[in-house]
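Colleague: Using the sequences provided together with the hints, build the complete structure.
Number of protein chains: 2
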Amino acid sequence: MQRFPKPFRDELSELMRWRRDVRRFRTDPVDAAILDRCLASFACAPSVGLSEPWRLVQLTSPEARAKALANYKDTNAEALKGYSGDQAARYATLKLSGMQEAPVQFAIYCDEATDKGAGLGAATMPEARRYSVVGAIMQFWLTARAEGLGVGWVSVLDPARLNRDLAVPPAWHLVAYLCVGWPETNSEMPELEALGWEQRAATLTIETR
Amino acid sequence: MQRFPKPFRDELSELMRWRRDVRRFRTDPVDAAILDRCLASFACAPSVGLSEPWRLVQLTSPEARAKALANYKDTNAEALKGYSGDQAARYATLKLSGMQEAPVQFAIYCDEATDKGAGLGAATMPEARRYSVVGAIMQFWLTARAEGLGVGWVSVLDPARLNRDLAVPPAWHLVAYLCVGWPETNSEMPELEALGWEQRAATLTIETR
Chain A
28 MQRFPKPFRD ELSELMRWRR DVRRFRTDPV DAAILDRCLA SFACAPSVGL
78 SEPWRLVQLT SPEARAKALA NYKDTNAEAL KGYSGDQAAR YATLKLSGMQ
128 EAPVQFAIYC DEATDKGAGL GAATMPEARR YSVVGAIMQF WLTARAEGLG
178 VGWVSVLDPA RLNRDLAVPP AWHLVAYLCV GWPETNSEMP ELEALGWEQR
228 AATLTIETR
Chain B
28 MQRFPKPFRD ELSELMRWRR DVRRFRTDPV DAAILDRCLA SFACAPSVGL
78 SEPWRLVQLT SPEARAKALA NYKDTNAEAL KGYSGDQAAR YATLKLSGMQ
128 EAPVQFAIYC DEATDKGAGL GAATMPEARR YSVVGAIMQF WLTARAEGLG
178 VGWVSVLDPA RLNRDLAVPP AWHLVAYLCV GWPETNSEMP ELEALGWEQR
228 AATLTIETR
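Here the protein sequences line up with chains A and B, keeping their order. Throughout, my numbering is defined as the position within the first sequence, counted from one, plus 27. Throughout, my numbering is defined as the position within the second sequence, counted from one, plus 27.
By construction, these hints were calculated from the structure, which means they are not laboratory data. There may be inaccurate statements among the hints.
Where chains are identical, the list cannot tell them apart; a pair therefore holds if satisfied intra-copy or between any two copies.
Claimed, not checked - Listed below are the simulated DMTMM-like cross-link pairs for lysine to aspartate or glutamate, each with C-alpha atoms no more than 20 Å apart in a straight line:
1. K100 x D192
2. K143 x D113
3. K143 x E218
4. K94 x E225
5. K143 x E225
6. K108 x D185
Modeller: Right, here's the structure in full:
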């Protein structure tokens with residue numbers, strides 16, 4: 028492999044600009060073949076020491092989903108208390124998860140106790156295992172977006188409570204909760220920017236040493 | 028944006044399969060315009076609360092590079108002591124960084140104290156900020172690879188020592204050390220697999236709840 032052709036590189040850049048964290052989903056189902064193509068990107072993600080520490084739990088039952096949704100609602104209500112005045116009012120209007128609507132939902136874990144890779148690269152920076160899981164999620168996110176699917180990453184959750192509710196092994200560490208489905212709308216602008224919460228930086232600062 | 032065309036999706040999948048963690052670089056320089064195109068992918072990466080917490084330090088001086096390389100060598104010698112017998116012999120033969128050769132090198136940090144995003148999404152999972160940095164790195168990695176550039180992620184380092192040597196602000200947390208340059212070779216197989224350290228899993232396991 029050498030350089031990929033310019034039309035591909037331009038489209039890749041376009042994909043990244045269009046990606047978005049989606050919180051507004053249509054409720055119609057996602058074809059299993061499409062989802063499988065997206066999930067295949069986990070298998071070729073980089074991982075420290077080739078440890079492949081990602082563990083996926085798909086929430087399919089109404090019971091598991093109801094518990095996760097209640098977790099989000101309670102955690103979000105608690106987070107709101109951290110703001111005051113105009114900021115609290117603005118926070119209260121934000122839609123921060125599509126957990127009510129998204130047809131496909133995953134809790135994504137890192138297995139901290141995996142033997143795979145024999146600890147290579149994780150002696151002084153064991154967090155590299157969790158970062159490997161994030162890298163895989165990012166590949167999944169871009170692949171899904173290329174299929175037209177939206178992905179939303181929910182971090183407004185109490186991880187310990189979710190772990191209990193999902194009865195995962197104690198060595199599994201929650202990295203992300205993902206909502207997946209067909210987005211209601213598409214935009215080049217992050218929703219938090221469109222709604223006035225925060226703006227993107229104009230330039231990337233790089234220090235030198 | 029709807030679905031991207033199939034030829035693009037096929038090439039994206041090909042890019043991910045070809046990506047690799049590169050440790051063997053040619054020493055010839057990387058054109059600044061190419062590097063800038065790759066770094067542009069940071070600006071459109073997802074980040075919790077739109078906090079954009081990534082901070083880049085490019086190591087350009089021989090002094091800074093020598094300190095980072097010594098850090099890697101010492102940390103790697105220490106890591107070797109954690110293995111014995113055949114495994115130690117095999118570990119000793121692995122080339123785990125291209126820090127000696129790679130023309131472009133970055134230490135990538137997360138600013139844990141950023142006001143940007145006003146803490147949204149990081150109350151119960153503050154590590155989401157570091158994960159945002161990893162997502163941006165993954166976009167950079169794929170963009171670089173599409174340009175034919177290799178990226179290697181070195182985690183065999185003492186972060187506290189690197190932070191001191193680079194004199195970064197105390198609130199900056201080291202996420203990754205990246206080597207960037209033209210790869211000596213290309214392969215669809217991870218080097219750790221080719222050298223017999225570990226194999227990739229055949230299938231992705233997904234539990235349901």
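Colleague: Now, for every hint given, state plainly whether the structure supports it.
Modeller: Against the structure, the hints:
no. : hint        : in the structure
1   : K100 x D192 : within (15 Å within a copy, 44 Å between copies)
2   : K143 x D113 : between (49 Å within a copy, 17 Å between copies)
3   : K143 x E218 : between (39 Å within a copy, 15 Å between copies)
4   : K94 x E225  : neither (30 Å within a copy, 38 Å between copies)
5   : K143 x E225 : between (40 Å within a copy, 7 Å between copies)
6   : K108 x D185 : within (15 Å within a copy, 38 Å between copies)
Against the hints set out earlier in the document, a violation occurs for number 4 only.
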